[in-house]
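Visitor: So you can see what is in the structure, the chains are spelled out below.
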Amino acid sequence: MRARGLFILVIAAAAAAGFGMPHLLPGYLVNILTEALIFGLFAMSLDLMIGYTRLESFGHAAAYGLGAYASALLLLSFDIPMLIVIPMAAIITGVVAMPIAWVCTRSTGISFAMLTLAFAQLFYASVYQFKDFSGGSDGIAGIARRAGPFGIDFFQTKIGYFYLVLIILILSFLFCRSLVASPFGQVLAGIRENEVKTRTLGYNTRAYRMVIVVLAYAFGGLAGALYAPLAGFASPELFFWRMSGMVLIMVIIGGRGTLVGPILGGAVFLFLEHELSALPMVRELWPLIFGSIFIAVILFAPQGLWGLFRSWREKRRIGVVSKPQSDAPHAAS
Amino acid sequence: MKNDKPTAKVESGKKIDRVFRTVTRRKVLSGGIAATAVLAAPAFLHKTAKAATGPIKIGLPTVVTGGYAELGSHVIRTSKLVESMVNGSGGILGRQIEFVVADTQGNPAAAVRKTQELVERHGCHLITGVVVSSEARAIMPKLKEWDTLFVSHGNGDGRLTTPQFLVPNFFRANVSAPMGARALALYLKDDPAKEYIAIGSDYAWGQSSVKAFDEQISILGKKLVDKVMTPVGNKDYATYITKVMRSGAKGCYVALQGDEARAFYTQATQYGLAEKMPLYTEIVSQSNIKALGKSAAGLVGGSRYAYTQDTPQNKAFVQAFTKAHPGQLPDWTDGEIYQALAVLFAGMKKANSAEPDALVEALEDLEVTSIKGAIKIRKCDHQGMNPGIVVKVVDGPNGAVPEIVKIYSREVATPDCGKTTFS
Chain A
1 MRARGLFILV
11 IAAAAAAGFG
21 MPHLLPGYLV
31 NILTEALIFG
41 LFAMSLDLMI
51 GYTRLESFGH
61 AAAYGLGAYA
71 SALLLLSFDI
81 PMLIVIPMAA
91 IITGVVAMPI
101 AWVCTRSTGI
111 SFAMLTLAFA
121 QLFYASVYQF
131 KDFSGGSDGI
141 AGIARRAGPF
151 GIDFFQTKIG
161 YFYLVLIILI
171 LSFLFCRSLV
181 ASPFGQVLAG
191 IRENEVKTRT
201 LGYNTRAYRM
211 VIVVLAYAFG
221 GLAGALYAPL
231 AGFASPELFF
241 WRMSGMVLIM
251 VIIGGRGTLV
261 GPILGGAVFL
271 FLEHELSALP
281 MVRELWPLIF
291 GSIFIAVILF
301 APQGLWGLFR
311 SWREKRRIGV
321 VSKPQSDAPH
331 AAS
Chain B
1 MKNDKPTAKV
11 ESGKKIDRVF
21 RTVTRRKVLS
31 GGIAATAVLA
41 APAFLHKTAK
51 AATGPIKIGL
61 PTVVTGGYAE
71 LGSHVIRTSK
81 LVESMVNGSG
91 GILGRQIEFV
101 VADTQGNPAA
111 AVRKTQELVE
121 RHGCHLITGV
131 VVSSEARAIM
141 PKLKEWDTLF
151 VSHGNGDGRL
161 TTPQFLVPNF
171 FRANVSAPMG
181 ARALALYLKD
191 DPAKEYIAIG
201 SDYAWGQSSV
211 KAFDEQISIL
221 GKKLVDKVMT
231 PVGNKDYATY
241 ITKVMRSGAK
251 GCYVALQGDE
261 ARAFYTQATQ
271 YGLAEKMPLY
281 TEIVSQSNIK
291 ALGKSAAGLV
301 GGSRYAYTQD
311 TPQNKAFVQA
321 FTKAHPGQLP
331 DWTDGEIYQA
341 LAVLFAGMKK
351 ANSAEPDALV
361 EALEDLEVTS
371 IKGAIKIRKC
381 DHQGMNPGIV
391 VKVVDGPNGA
401 VPEIVKIYSR
411 EVATPDCGKT
421 TFS
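Sequences listed follow chains A and B, in order.
Read in order, the letters of the first sequence are residues 1 to 333 in the working numbering.
Read in order, the letters of the second sequence are residues 1 to 423 in the working numbering.
Just chain A, same shape as in the assembly:
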């Protein structure tokens, strides 16, 4: 109970700090923080596939890029407010993901991973092919945060946009948390642990896998849709395999199958990359240090940072329980 109380206090303090933070920080840190939250959402979407269904995707950048380009094109081509464009872009990504899910879920394991990678690279190549539409290698620049509806312009500002991303992240987290805790989520857990057994129990496991892939793409698309108005542009790199690798690292660093872990992983990844690359004494060696940290996490915290925190909390809980027992003689006396 003590540990639970502490945990609630920590979460409440983090939420309060989250809501108050942009007012205390300089602009560039607000932007980094906003991007960290977007990365967190992106990583959490992949966790639905990796952590809860054991569907290792090597091409989740496709979702991010699709969301970003959909958001960019809608904002530039139509007079639609950003608050409407963002969910629209997520829905578009989900719709595009349906045939991808249908094809990819025909296989499992490494074949599934390679198929997802192939789709992401297909989109990457397409961006270069359809230059009139996508801007080719130049990407799409000058994406504005269009105000409205009802004249709402608060989210156009740097701080307002941070709050928008934070609210969307919290709502997405609550949705995903409910989803994985629901009977639907229990079937996903069954697929993760033993798909054959789950199928034997009468569940159409492929249908479940397809649904989770579409949902993961939709949330990944939501993250991309939030990124484009933040950066002001969308470029082909968003589809590139490097982006897929990055989000995979975020999930692993944070802790797969936890939802909150990948959010943490996204933030840690961005801040580490940013701060290490800014250190003058390491200069061009920073990717080496970054890689070493990643290896250390894999070796010493295979459950990720959130897993590390949870095991620490568990040890403390055990300590709290055992302490009164050791104090018992004194109490008796």
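Among the clues, some could well be false.
To be verified - With a cut-off of at most 27 Å between alpha-carbon atoms, the simulated DSSO-like pairs for lysine-lysine come out as follows:
(1) A:K158 - B:K144
(2) B:K227 - B:K211
(3) B:K392 - B:K290
(4) B:K227 - A:K131
(5) B:K315 - A:K131
(6) A:K131 - B:K223
(7) B:K194 - B:K406
(8) B:K142 - A:K158
(9) B:K211 - B:K392
(10) B:K379 - B:K142
(11) B:K142 - B:K419
(12) B:K80 - B:K290
(13) B:K276 - B:K243
(14) B:K379 - B:K392
(15) B:K376 - B:K349
(16) B:K250 - B:K189
(17) A:K131 - B:K392
(18) B:K276 - B:K189
(19) B:K276 - B:K227
(20) B:K419 - B:K211
(21) B:K350 - B:K142
(22) B:K211 - A:K131
(23) B:K80 - B:K294
(24) B:K142 - A:K131
(25) B:K294 - B:K276
(26) B:K235 - A:K131
(27) B:K350 - B:K227
Treat the hints as calculated values from the structure; they're not laboratory data.
Remember, predicted model here, so these are calculated numbers, not experimental data.
Once you've looked at the hints, dock chain B against the given chain A.
Guide: Relative to chain A, chain B alone:
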């Protein structure tokens, strides 16, 4: 049963008590101190004010890691050289200069993030050293919001100084891609070959360069038989080289940079491409010459800067450079960043200020005698009017040397105002 309820209450009370016992006075106090620290944070976390005293900070959001890292390393080494030269002679406007480097990785998203940090964290309201044109394009719309001046040293995309992308706080001191292609095309006027093939990196600069070369040679009654655009970061050019060799063209125009150029020239040497047809390039760089080895002799190209240029300013620069970096010669990026900084400093002296607003006014129509000769920054589109230099690589006693074979006047080599074309 009677005792059930009170017992439950006692149990519940114990639990609540346990939770709240953990929140001791000491913890409340330490929490209060932490909260106070957070509230007091703005004092040192908030935006760095532009200081009129102290060193003039110049941000270098450049490529330290990634495919264009070599170009970034040239930016840094020459900027540091300039820093020691300027500070050693008393500084600018009585103030020392200081360069702050940030790694953009050649990625537009990181470039925006890092530049914003240079501005807001380090107080650098003057920036230069951006390597990739797409990075420049991502940064330019933010300049007004950041109250920052950006002087390009090497961004080649012709459109950056057209109404499509130009912003008031952006200036280009360097030769653009259309300018490089123009000088080369003019030189090829007397070349008997009529058909060429172009190979270029498929991004803003490469596309701009190939497009300008195509336009320029078509004016001369020649043509491109094909344009081979290769993906950014490509390392394997075998299939592309085969395509070039089978094209039937009499010359190959190359618009590749950094690691891409090195990989292409290395593989071109293996395939004997240079023996089959002459190679022309928009930028002859020292690293290209090194990659080609003995095959470099005969390579003809535009040159944004050649260390062999015979001007007193350039001789002084090369001397200072070779003294600081024994055994090395300045490449085109070294020359262009040196010139961009010379333009910036001349602007500061004219404005008697290092404030971006004052500098915008001072840089417009500024005349500077640079290492390449007389340079003028046009007011109409903020493009630096540079001479058009063409070099041919020849064998020298100490290896291949880029010998200047033609210099076109700045009026001939610079496109029409706000355009990428020449009248």
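Visitor: State for each hint whether it applies.
Guide: Checked hints:
1. The suggested pairing of A:K158 with B:K144 holds, with an alpha-carbon distance near 15 Å, which does not exceed 27 Å.
2. For the hint pairing B:K227 with B:K211, the CA-to-CA distance comes to about 9 Å; that is within 27 Å, so the pair holds.
3. About 14 Å separates the Cα atoms of B:K392 and B:K290, which keeps this hinted pair within 27 Å; it holds.
4. A hinted pair counts as satisfied when its Cα atoms are at most 27 Å apart, and B:K227 with A:K131 qualifies at roughly 15 Å.
5. Taken as a hint, the B:K315 and A:K131 pair is broken in the structure, with Cα atoms around 45 Å apart against an allowance of 27 Å.
6. Between A:K131 and B:K223 the alpha-carbon distance is near 23 Å, which keeps this suggested pair within the 27 Å criterion.
7. In summary, the hint linking B:K194 to B:K406 is supported, as the alpha carbons are separated by about 21 Å, within the 27 Å threshold.
8. Between B:K142 and A:K158, the direct Cα distance comes to roughly 13 Å. Compliance with the 27 Å bound is thereby established for this hinted pair.
9. Proximity of B:K211 to B:K392 is assessed by CA-CA distance (about 23 Å); at most 27 Å being required, the pair is judged to hold.
10. Of the pairs offered as hints, the one joining B:K379 and B:K142 holds, with about 21 Å between alpha carbons and a cut-off of 27 Å not exceeded.
11. Restraint check for B:K142 and B:K419: satisfied, since their Cα atoms lie roughly 23 Å apart, inside the 27 Å limit.
12. Annotation: proposed proximity of B:K80 to B:K290 holds, straight-line Cα distance about 24 Å (limit 27 Å).
13. The straight-line distance between the Cα atoms of B:K276 and B:K243 is roughly 13 Å, inside the 27 Å bound, and the hint therefore holds.
14. Annotation: proposed proximity of B:K379 to B:K392 is violated, straight-line Cα distance about 33 Å (limit 27 Å).
15. At roughly 16 Å between alpha-carbon atoms, B:K376 and B:K349 fall within 27 Å of each other, so this suggested pair holds.
16. Using a Cα cut-off of 27 Å, the hinted pair B:K250 and B:K189 holds, with the two alpha carbons roughly 14 Å apart.
17. For the suggested pair A:K131 and B:K392, the alpha carbons sit about 35 Å apart, so the restraint of at most 27 Å is broken.
18. A distance of roughly 21 Å separates the Cα atoms of B:K276 and B:K189; the hinted pair therefore holds under the 27 Å criterion.
19. Straight-line distance between C-alpha atoms of B:K276 and B:K227 comes to about 18 Å, which keeps the hinted pair within the 27 Å bound.
20. Restraint check for B:K419 and B:K211: the C-alpha separation of about 13 Å stays at or below 27 Å, so the hint holds.
21. For the suggested pair B:K350 and B:K142, the alpha carbons sit about 26 Å apart, so the restraint of at most 27 Å is met.
22. A distance of roughly 15 Å separates the Cα atoms of B:K211 and A:K131; the hinted pair therefore holds under the 27 Å criterion.
23. With a C-alpha separation of about 32 Å, the suggested pair B:K80 and B:K294 falls outside the 27 Å cut-off, and the hint is violated.
24. With a C-alpha separation of about 24 Å, the suggested pairing of B:K142 with A:K131 holds against the 27 Å cut-off.
25. Under the criterion of a C-alpha separation no larger than 27 Å, the hint pairing B:K294 with B:K276 is consistent with the structure, at around 15 Å.
26. Distance check on the hinted pair: B:K235 and A:K131 sit about 23 Å apart at the alpha-carbon level, within 27 Å; holds.
27. For a cut-off of 27 Å, the pair hint linking B:K350 to B:K227 is broken: about 45 Å separates their Cα positions.
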